[in-house]
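Let the hints inform the model, and build the full structure from the sequences given.
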Amino acid sequence: MKCDKCHEHPATVHLTEIADGHKVEKHLCKYCAAQEGIAVKNQVSLDKMFNDLLVAHKEVDQLNELVCPSCGMNWAEFRKTGLLGCPNDYAVFGEAIEQVISRSQEGAIRHVGSRKSQIVPSGDEQLRCMKLRQELQKALEMEDYESAARIRDEINVLSKSSCPE
Amino acid sequence: MRNSRGFKNMDISGKYHNIADWMDGSGPMSDIVISSRVRLARNFSGFPFVTRADRAKRAEIIEFARVQLSRPFNAGNMTLKLLEELTELEKNLLAERYIITEKLSRESGGSAVAVSENESMSVMLNEEDHLRIQAFASGLDINTVWERISELDHQIEQQVSYAYSEEYGYLTACPTNVGTGIRVSAMLHLPALHITKQIEKVLNSARDMHLAVRGIHGEGSEPVGDLFQISNQTTLGKSEEQILQEIQKMALEPIVEYERRARIRLLKETPIVVEDKIFRALGILTGARLITSQEAMFFMSQLRMGVAMGKISIPIKVLNEIMLLVQPAHLQHLCGDNLEASQRDQFRADLIRQKLQEYV
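Protein chains in written order, with my numbering: chain A, 18 to 182; chain B, -18 to 341.
If you are wondering where the hints come from, they were derived from the structure by calculation, not from laboratory data.
Note that the structure is predicted; figures quoted are calculated from it, not measured.
Errors might be hidden in some of the hints.
[What the hints assert, rightly or not] Straight-line alpha carbon distances no greater than 30 Å define the calculated BS3-like cross-link-like pairs of lysine-lysine that follow: (1) B:38 / A:148; (2) B:84 / B:38; (3) A:47 / B:182; (4) B:38 / A:19; (5) A:40 / B:178; (6) B:182 / A:43; (7) B:230 / A:133; (8) B:84 / B:298; (9) B:298 / B:249; (10) A:97 / B:178; (11) B:84 / A:133; (12) A:22 / B:182; (13) B:178 / A:22; (14) A:155 / B:38; (15) A:133 / B:178; (16) A:40 / B:182; (17) B:249 / A:43; (18) B:249 / A:19; (19) A:133 / B:62; (20) B:178 / A:43; (21) A:97 / B:84; (22) B:298 / A:47; (23) B:62 / A:155; (24) A:40 / B:249; (25) A:19 / B:182.
In structure tokens, the structure reads:
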């Protein structure tokens, strides 16, 4: 269906108006609708969401200072790609990420779906596991087998669920 | 028609001459719903997300999955393939068969895929998340697909620890997938809504329900052949069952009903116009000596509608097969050579005539 006004673009805004007791149907393209002052609800892009969020957020600088100690992801980089660097980022970005989630998830901020079947390891333990693995890799690269053995022992102490082999 | 040249490294080349069993055209509402799919996004705890994983880390994640998940993979009769060991053609074939995404098919390395023998399940490794588990079925059969994928998910969870928080549920690289990590989608064939000019209205109301409407190859792909993929966008704050139920009852079933009504209306109001479309499509598909991919998909759509309306008798399976085999990678694979555009159009026309021969 073409736009009633410009007869050029596809009509994507469909209105039913009551004028003088008569029903009038209007089919407009997004451009003509905008000209008539009708706000078109588009699917909100992540990028727009972030910008809105930033404008709303007075402590922009503070937000930009947030850096994940584990993966090095910062807020600006996340804003650019829309992707997080590690599970820990959800905790690091705190309220800011909660707002992003709320906007993309119809306002939801809590999981109500199926629960993980195992005992959930704490974020700290998962983070520690990740760091130890990185240290282990470095030690092996340096051929520092003594440290590697020590790190391996530390990893073994962690529960299997937080640090799978 | 077959030529073995160019099939180097292809261990299962013959397989790609046919459609997978799950595309056989069976299942509920298969006159309109081509297929159902459920996908789960999962990450291992103790590893960075793929975004922050360098080559070595990605290799480590794959190795971790290969060792830890050997039991569930074996139970599901799944074979693991490293993407870097596949040729470009093989990767494109897998993408056309939905086993991997187009995004993954463009990756040069550090990714893998485990695929079941009958191709109804696959697990992509290091796509956007460590694991993207997918299952498919013919027709509108979301619940069966959910049962199968959920079983595999539980089996995997018995072997490894997923990144998870009490608050947000399953943690994913993109916050738009967090929570359940579930994406339910169905591929619908909606020619009558297109002809009766109602398609935009229907698709917009789906969008208003926070559903995504896409072309046949998901994100960023243009709709061809009146085929539309409809999927949920919200993954948090609802249970998996609720998400499945909502998309099925509030979107897919009503859209199928609208399409059916539009078909009935067309048959009632302009029967000759409809028959003309269908039999012209059949005429061109069984007569053309050269046909572009776009043209083929256009007429295949009308032919499929004619079959669903009972005007022509051709098994849906054959139509699904043609629609898959005329795609670029499958066509090239069948023919075995790198074809020029005009040769491709000729080969495509030959293939379609041959497949339809016994039904006209």
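Going down the list of hints, with the structure as the test:
For a cut-off of 30 Å, the pair hint linking residue 38 (chain B) to residue 148 (chain A) stands: about 13 Å separates their Cα positions. Taking the CA atoms of residue 84 (chain B) and residue 38 (chain B), the gap is near 20 Å; set against the 30 Å cutoff, the hint holds. Of the pairs offered as hints, the one joining residue 47 (chain A) and residue 182 (chain B) holds, with about 14 Å between alpha carbons and a cut-off of 30 Å not exceeded. The hinted pair formed by residue 38 (chain B) and residue 19 (chain A) fails the criterion: a straight-line CA distance of about 52 Å is larger than 30 Å.
Proximity of residue 40 (chain A) to residue 178 (chain B) is assessed by CA-CA distance (about 21 Å); at most 30 Å being required, the pair is judged to hold. Simply put, residue 182 (chain B) and residue 43 (chain A) have alpha-carbon atoms about 13 Å apart, close enough for the 30 Å limit, and the pair holds. This hinted pair checks out: residue 230 (chain B) and residue 133 (chain A) have alpha carbons roughly 27 Å apart, not beyond 30 Å. At roughly 28 Å between alpha-carbon atoms, residue 84 (chain B) and residue 298 (chain B) fall within 30 Å of each other, so this suggested pair holds.
For the given pair, residue 298 (chain B) sits about 28 Å from residue 249 (chain B) by alpha-carbon distance, which is consistent with the 30 Å threshold. For the hint linking residue 97 (chain A) to residue 178 (chain B), the alpha-carbon distance of about 38 Å lies beyond 30 Å, and the restraint is violated. Proximity of residue 84 (chain B) to residue 133 (chain A) is assessed by CA-CA distance (about 29 Å); at most 30 Å being required, the pair is judged to hold. A C-alpha spacing of about 18 Å is found between residue 22 (chain A) and residue 182 (chain B), which places the hinted pair at or below 30 Å, so the restraint holds.
Pair hint residue 178 (chain B) plus residue 22 (chain A) holds up; C-alpha atoms about 18 Å apart against a cutoff of 30 Å. Taken as a hint, the residue 155 (chain A) and residue 38 (chain B) pair is honoured in the structure, with Cα atoms around 12 Å apart against an allowance of 30 Å. Restraint check for residue 133 (chain A) and residue 178 (chain B): the C-alpha separation of about 46 Å exceeds 30 Å, so the hint is violated. As the CA atoms of residue 40 (chain A) and residue 182 (chain B) are separated by approximately 19 Å, the hinted pair is consistent with the 30 Å bound.
As the CA atoms of residue 249 (chain B) and residue 43 (chain A) are separated by approximately 28 Å, the hinted pair is consistent with the 30 Å bound. A threshold of 30 Å between alpha carbons decides the hint, and for residue 249 (chain B) with residue 19 (chain A) the separation of about 25 Å falls inside it, so the pair holds. Note on residue 133 (chain A) and residue 62 (chain B): the hinted pairing holds, with a Cα-Cα distance of about 28 Å set against a maximum of 30 Å. Between residue 178 (chain B) and residue 43 (chain A) the CA atoms are separated by roughly 15 Å; this keeps the pair inside 30 Å, and the hint holds.
For the proposed pair residue 97 (chain A) and residue 84 (chain B), the alpha carbon gap of about 19 Å is at most 30 Å, so the pair holds. For the hint pairing residue 298 (chain B) with residue 47 (chain A), the CA-to-CA distance comes to about 40 Å; that exceeds 30 Å, so the pair is violated. A hinted pair counts as satisfied when its Cα atoms are at most 30 Å apart, and residue 62 (chain B) with residue 155 (chain A) qualifies at roughly 28 Å. Among the hinted pairs, residue 40 (chain A) with residue 249 (chain B) is consistent with the structure: their alpha-carbon atoms are about 28 Å apart, no more than 30 Å.
Only pairs whose Cα atoms come within 30 Å are accepted, and residue 19 (chain A) paired with residue 182 (chain B) is accepted, the gap being roughly 12 Å.
Checked against the numbered hints above, the structure breaks hints 4, 10, 15 and 22 and satisfies the rest.
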